[in-house]
Every structure is written in C-alpha cells, then in structure tokens.
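Participant: Sequence:
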Amino acid sequence: MSIANWCVLAACFIPIVTVGFAKASRPKLSRKHGGYDNDMPREWESKLSGWPQRAIAAQNNGFEALPLFIAGVVLAQQAHANQATIDGLAMAFVVLRCAYVAAYLANRSNLRSLIWFGGVGCSVALFFQ
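The numbering of the sequence shown is full-length UniProt numbering, which starts it at 1 and goes up by one.
Because the hints were derived from the structure by calculation, they are not lab data. The model shown is predicted, which means the values in this text are computed figures rather than measured ones. Idealized CB from N, CA, C, for every residue including glycine. Wrong hints could be hidden among the right ones.
[What the hints assert, rightly or not] Beta-carbon label-pair distances, calculated as ranges: (1) Val74 to Ser49: 36 to 42 Å; (2) Trp6 to Asn107: 26 to 32 Å; (3) Asp39 to Ala79: 44 to 50 Å.
Assemble the whole structure, with the sequences as input and the hints as a guide.
Facilitator: Following this line, the structure appears as structure tokens:
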C-alpha cells in the first residue's frame, strides 16, 4: 500500500480523534450535569461552548474535506501519476489537517482559514498530476 493510501486512512481518523477532544472535555460529569450523552449526542453537542464546540466544528469540516482528498488520491493513482508527488501531496494534506484542527481549537480563525486553503490546494493538485 502506498504512503498516499495510508494518508487516506489517517485523514479518515482525524475527525474521529478531533471529536474525542470534545467528548473528553468533561469526563467526570454525568449526563445530567453536561457530560457526554451517548443517547443524545446531537443534543449534547448543541450545549457545548468554547473549544469543545470548536472541536465539533473541526470534526464536521474534517469529514467535509475527505471526499475531495480521497477522490484526488484515487484518480491520481489511476492516472499513474508520479507516486512520490502523490505521496507528498497526501502527506502535506494530513499535516495541514492536523494543523487545521490545532488552529481551530486555539480559536485562530485567520490561520485556520489559511491552513484550510492549503489543504484544499493539496487535494485539488492531486487532480492535475
């Protein structure tokens, strides 16, 4: 399996890990007192504020970024593009997505937007290999 394929797997797990931060933000609280409610997770999410709420938003954006990235990797590989270039763009995407989550949690909106554009740029670049 190529590095790019491993990056697809890693990119799929980034949103899952991201939401884990929000769920762990109140580990000792019961459901009644604001702790994670697995029975009603959407309702629980709507009550969050601050960085846990941003973690949920970062998770959602992570899932939204996946289709373009995965399609780019698959199509570039099907076109027999240079594998080293595909791998490099895929690794850059994963690094940028991790940086995106960090910027989102830190409430650095301008930096987050720049990083987002970089990630989209990597995904789009895969289509032109």
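Participant: Would you mind marking each hint as holding or not holding in the structure?
Facilitator: Each hint, compared with the structure:
no. : hint                       : in the structure
1   : Val74 to Ser49: 36 to 42 Å : holds, 38 Å
2   : Trp6 to Asn107: 26 to 32 Å : holds, 31 Å
3   : Asp39 to Ala79: 44 to 50 Å : holds, 46 Å
The structure agrees with every numbered hint stated previously.
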